[in-house]
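Listed here are the chains, written in short residue letters.
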Amino acid sequence: MLKIITNHHLISLVGSLDKNTIQKAYYLKKEKNMAIDLKELKSMDYEGALFLVELSKNHKIINLPPHLKELFNFVAQNAKDLKIPEQKTNFLFHATNYLNDIFFAIKENTINFLLFFGEFIYFLIFLITHPWKFRFKETAAIIVKAGAGALPIVGLTSFLVGVVMAYQGAMQLSKFGANIFIVDMLDISIFREIAPLIAAIVVAGRSASAFSAEIGVMKLTEEIDAMKTLGFEPFWFLVIPRVIAMIIAMPLIVFFADMIGILGGMMISALSLNIGFDMFLNRTRDVLSLTQVFIGLGKAPFFGIVIALIGTYRGFQVRNSTQDIGKYTTKSVVNAIFWVIALDAIFSIIFAKFGI
Amino acid sequence: MREIIKVRNLTTKFGQKVVHDNISITIYKGEIYGILGASGSGKSTLLREMILLEHSFKGLIEIMGKDITKLSLKEEIELKKNWGVLFQFGALFSSLNVLENISVVLEEYTDLPEEFIIKTAISKLKLTGLKEEVAYQMPKNLSGGMVKRAALARALALDPKLLFLDEPTSGLDPVSARAFDSLIKELHSLFKPTVVMVTHDPQTIANVLDRFCILIDKKVVFEGTFDEAVKSTDKKVQKFLKPILMEIE
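First to last, the sequence lines map onto chains D and W. Per my numbering, residue 963 is the first one in the first sequence, and the count goes up by one each step. Per my numbering, residue 32 is the first one in the second sequence, and the count goes up by one each step.
Worth flagging that the hints you see were computed from the coordinates, not collected in a lab. Among these hints, one or two may not hold up.
Here are the computed lysine to any residue pairs in the SDA-like style, where the Cα-Cα straight-line distance is at most 20 Å [as the list claims (entries may be wrong)]: (1) Lys157/W / Ser1005/D; (2) Lys192/W / Gln47/W; (3) Lys223/W / Ser1005/D.
To spell it out: a stretch of chain W is covered by chain D in this simulated footprint if at least three of its residues, at any positions, have a beta carbon under 8 Å from a beta carbon of chain D; those stretches are [to be verified]: (4) 150-157; (5) 165-173.
Nothing here was measured: the structure is a model prediction, and the numbers come from that model. Idealized CB from N, CA, C, for every residue including glycine.
Next up, chain D with everything else stripped away, as it sits in the complex:
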């Protein structure tokens, strides 16, 4: 507790001057030329002493009790030339700084990714010339984790998408009595576009983030540096297995998504359009060419490469702070999903040009 007794120009502080009671006496800072009597001051802490030092600039401190002298002198010494460094708050400075940062980031990012891609090509050639050095065990483990592990959620998602598409299609087609065309619609759209895209987006969300976070944490704990010093090229040990694993796993995931998506469509066709499974499958044999299936499956490895490369690239960008992990994991997922969709669009244009 602190009591302040004012008597004209004499102010007595009674009790304890500490961080919880300074508030009460803070008004004294605005006043000038008073005598502050500390005879009755029982105790003070660091903040209290600092406050007294501040007060002593405009006031006269008298009767400082001997047992508080040491602390007061120490704090006075420490705070003697205390200056609060200024933070630059100029708006123009901030704005130009911000723009500069953005352009710098874009430039940096482009160069970095090109370097990363170059390294990827280099190690791809290394892989072709030294296939026996390939890390089979790691790759298999990643296929299980990122590939087989994704099946439940990919299955569920493509089943639901199949159901939704069949429902929407059924409503329109039954108006024209063109029920059977539901099979054409589902077969071609699911095999060629929907299943690969849905599978790739789900895997991008799952695995691109996982890759970034794994590698990011390894960077923070200096594991990557440790690998480098031991002569283990991180790119060869971390990136190539993930890329190869995704190249192998993606077509399989897409094929799984194809099957489950069609199953969802088939069930709705049977329920609401009276097209039984046998009729559906017979019609499928007539309308679905292998080209359509292979176009869908053929895109999958490229999606896999994009997901693995972006995931690992963002992971390597993590530098010395935990916040970076969140930042780059987010970036990797957003980038991976965007590039999967962009790549799909590019494929569409290419296939359209060639008339496939």
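Put chain W on the given structure of chain D with help from the hints.
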């Protein structure tokens, strides 16, 4: 002397692994106390148990007369305001700059005016030997020694009665380590907190600690002053002290 921390019959198990087997130590008010032992002997675990970060133990830990297993949330916070902790790698909040790392504590627990909080935080920063210019830097841009000093400034923010230090000099060069030692001694003589530290550093053990305990094979094999330890006839204590004595000669 009044005891400030009392550990009695403490047994810690992580699954099947026994870390502490029925240990007891006493820390008195105002002393600098060390928890020593080989790597993996459970020193840090013991420290973490005292500061309420680890709960998988049986037995009694009493801090300032309160059994720490029987605290309400409010009592826990009241107790925590009495101590400052310096983590081995600083553990500065990476999203805040150095100044904010210190001032956030004062902002949370006191009603001091903003400008005074900044002034206090900067002066605590100087207290630990850092320059004012460091104030607006982010922790990731600091060197190891600076991180430790900044973290110590944060630990000192509330003028703690109890200061826990986890390997304060590890990772520092000898000059910085000795400077850190004398900083701790200076702060101790000024504010008279009770300091509890986990350390490996022979110089720190010989020159800074008032009393210490040695943890070997899940047990406390020794508790007392450095001179007492040197005179001890216990084989384990002698074996533990040998490299330390060689180092400080």
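Outcome of the hint check:
1. Lys157/W / Ser1005/D: violated (23 Å)
2. Lys192/W / Gln47/W: violated (36 Å)
3. Lys223/W / Ser1005/D: Roughly 14 Å separates the two Cα atoms, so the pair holds.
4. 150-157: holds (count 6)
5. 165-173: holds (count 5)
In the structure shown, a violation is registered for the earlier hints numbered 1 and 2, in ascending order.
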